[in-house]
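Peer 1: All chains should be modelled from the sequences, with the hints used to inform the complete structure.
Those sequence lines, one after another, are chains Z, G and W.
Numbered according to my numbering, the first sequence terminates at residue 179, and the numbering increases by one at each position without gaps.
Numbered according to my numbering, the second sequence terminates at residue 118, and the numbering increases by one at each position without gaps.
Numbered according to my numbering, the third sequence terminates at residue 162, and the numbering increases by one at each position without gaps.
No false leads were slipped in.
Only pairs whose alpha carbons sit at most 27 angstroms apart, straight line, appear in this in silico DSS-like list of lysine-lysine:
| id | chain 1 | residue 1 | chain 2 | residue 2 |
| --- | --- | --- | --- | --- |
| 1 | Z | Lys87 | G | Lys38 |
| 2 | Z | Lys103 | G | Lys38 |
| 3 | W | Lys51 | W | Lys33 |
| 4 | W | Lys33 | W | Lys123 |
| 5 | G | Lys38 | Z | Lys164 |
| 6 | W | Lys121 | W | Lys17 |
| 7 | G | Lys38 | Z | Lys93 |
| 8 | W | Lys17 | W | Lys123 |
| 9 | Z | Lys162 | Z | Lys103 |
| 10 | Z | Lys87 | W | Lys150 |
| 11 | Z | Lys159 | G | Lys38 |
| 12 | Z | Lys87 | W | Lys121 |
| 13 | W | Lys150 | W | Lys121 |
Keep in mind the hints are simulated off the structure, nothing from the lab.
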Amino acid sequence: MGVVQKVPVYLEKIPGGGLITTSLDAVLNWSRASSLWYLLFGTACCAIEGLMCTGASRYDYDRFGMIFRASPRQADLMIVAGTITNKMAKRVKILYEQMSEPKYVIAMGGCAIRGGPFYYDCYSVLRGVDLVIPVDVYVPGCPPRPESILEGCLKLQQKIKKEKVSDWSKTEKFIPEPE
Amino acid sequence: MPSDYAHVGLFLIFGVAFVLIAFFLARLIRPARPNPVKNRNYECGETAVGSAWVQYNVRYYIYALIFVIFDVELVFLFPWAAAYRSLGLFAFVEMFIFLLILIFGLAYAWRKGALKWV
Amino acid sequence: MTAEELTSKIKATFAEKVEELPAVTGIPAFRVKAEHLEEICTTLVSDPELKFDNLSCLGGIDYPETNEIGVVYCLFSFAKRHHLNLRVMMPRENPEVISVSEFWVAANWFERETAELFGIKFKDHPDPRPLLLIEEWDEGYPMRRDWEGKDFIRMPEVGQEK
Numbered sequence: 001m002g003v004v005q006k007v008p009v010y011l012e013k014i015p016g017g018g019l020i021t022t023s024l025d026a027v028l029n030w031s032r033a034s035s036l037w038y039l040l041f042g043t044a045c046c047a048i049e050g051l052m053c054t055g056a057s058r059y060d061y062d063r064f065g066m067i068f069r070a071s072p073r074q075a076d077l078m079i080v081a082g083t084i085t086n087k088m089a090k091r092v093k094i095l096y097e098q099m100s101e102p103k104y105v106i107a108m109g110g111c112a113i114r115g116g117p118f119y120y121d122c123y124s125v126l127r128g129v130d131l132v133i134p135v136d137v138y139v140p141g142c143p144p145r146p147e148s149i150l151e152g153c154l155k156l157q158q159k160i161k162k163e164k165v166s167d168w169s170k171t172e173k174f175i176p177e178p179e
Numbered sequence: 001m002p003s004d005y006a007h008v009g010l011f012l013i014f015g016v017a018f019v020l021i022a023f024f025l026a027r028l029i030r031p032a033r034p035n036p037v038k039n040r041n042y043e044c045g046e047t048a049v050g051s052a053w054v055q056y057n058v059r060y061y062i063y064a065l066i067f068v069i070f071d072v073e074l075v076f077l078f079p080w081a082a083a084y085r086s087l088g089l090f091a092f093v094e095m096f097i098f099l100l101i102l103i104f105g106l107a108y109a110w111r112k113g114a115l116k117w118v
Numbered sequence: 001m002t003a004e005e006l007t008s009k010i011k012a013t014f015a016e017k018v019e020e021l022p023a024v025t026g027i028p029a030f031r032v033k034a035e036h037l038e039e040i041c042t043t044l045v046s047d048p049e050l051k052f053d054n055l056s057c058l059g060g061i062d063y064p065e066t067n068e069i070g071v072v073y074c075l076f077s078f079a080k081r082h083h084l085n086l087r088v089m090m091p092r093e094n095p096e097v098i099s100v101s102e103f104w105v106a107a108n109w110f111e112r113e114t115a116e117l118f119g120i121k122f123k124d125h126p127d128p129r130p131l132l133l134i135e136e137w138d139e140g141y142p143m144r145r146d147w148e149g150k151d152f153i154r155m156p157e158v159g160q161e162k
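Peer 2: Right, here's the structure in full:
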């Protein structure tokens with residue numbers, strides 16, 4: 001990636017170079033947003049609603065280009081559907097790290113946002129999945145209606161379409177410590 | 001004819017070049033940020049214990065073997081079938097003997113249980 | 001056997017080792033001392049009229065008011081179709097009871113869970129590893145009534161939420 005990270009910066013300096021970077025932006029963002037393959041990561045009731053029911057024929061994910069993948073290596077969106085316990089948090093982190101860039105996360109349901117109904121009186125539930133992985137879109141509900149989840153996916157698509165090629169050189173690398 | 005071989009050669013070069021260009025372009029555009037946790041073996045979030053070299057059932061090998069044998073037989077059958085009208089009785093009998101040998105092979109495999117998926 | 005027949009049969013077989021508890025759910029319930037549990041379980045499994053071959057549930061209970069901690073066993077018989085509940089109570093300081101996984105294999109995981117959540121020690125357990133809590137857990141026994149942990153947030157009383 002070394003050369004290509006610098007190219008957009010130089011491209012923008014030459015007159016007319018902005019045209020190239022913005023068209024490149026548009027093409028790349030459109031292609032990423034239109035085929036978000038999501039990782040089947042469901043731990044509790046939200047998995048039934050948000051992964052199975054929304055993926056079935058009435059509210060379809062496939063019409064947005066979203067196909068489920070079982071392996072994080074082949075997915076670029078992780079819909080965290082369900083309660084995350086402290087024991088599961090470590091595994092969530094490892095799975096998130098094993099996804100390839102560009103990767104996005106939707107925190108679905110009350111439990112993934114702030115621990116949901118398990119915020120009080122619970123010794124083992126992680127109060128929000130954004131304590132371990134960075135989240136792009138939060139979809140509230142317990143469980144959220146499929147329409148809400150699809151609205152969340154559309155918001156994520158809008159967020160992706162605002163990305164810029166010239167930001168590639170500015171992202172710093174985060175290297176987690178291995179276990 | 002030389003021009004026919006040229007067609008085949010061009011097809012070959014184009015095929016190889018297409019694949020290489022696709023990989024190279026993808027390599028330019030995609031982000032690449034390897035880190036130690038990302039490069040670990042995938043085991044649903046757990047740490048993998050032991051080696052992944054396990055013993056597989058021999059049924060997969062036998063299935064592939066039978067497929068290869070009869071696939072090669074078909075490769076010989078297709079040109080014969082395509083030029084059937086212009087070949088005479090001699091070709092028919094000769095191909096029939098070839099098929100007979102392979103039918104013996106099929107009967108042997110059948111008898112030995114190689115066609116059962118157990 | 002009906003519940004009354006079962007109650008009388010248990011009382012006849014074990015005499016003073018069991019103490020009858022009020023059967024709130026219609027299932028006969030008995031209180032047993034921890035040292036008698038092993039012979040009682042042997043009889044319950046092997047007696048041809050009782051034949052309790054299935055352990056439906058095993059759980060811990062905690063009564064800090066009377067300073068007791070205990071284990072509840074819910075037994076069922078497929079052959080005779082009757083239920084039984086046993087309760088073993090121990091002092092809270094050092095709760096120890098024999099493991100029943102030699103009689104009913106299902107007790108294995110139930111006892112692992114109860115041991116790590118209540119702190120009850122099951123003697124002769126074949127596999128005494130923790131089951132549910134995280135590997136680095138060092139904050140005590142969460143299901144005891146008087147447990148307070150580092151991150152534990154109690155539900156505020158009604159009318160006093162911020």
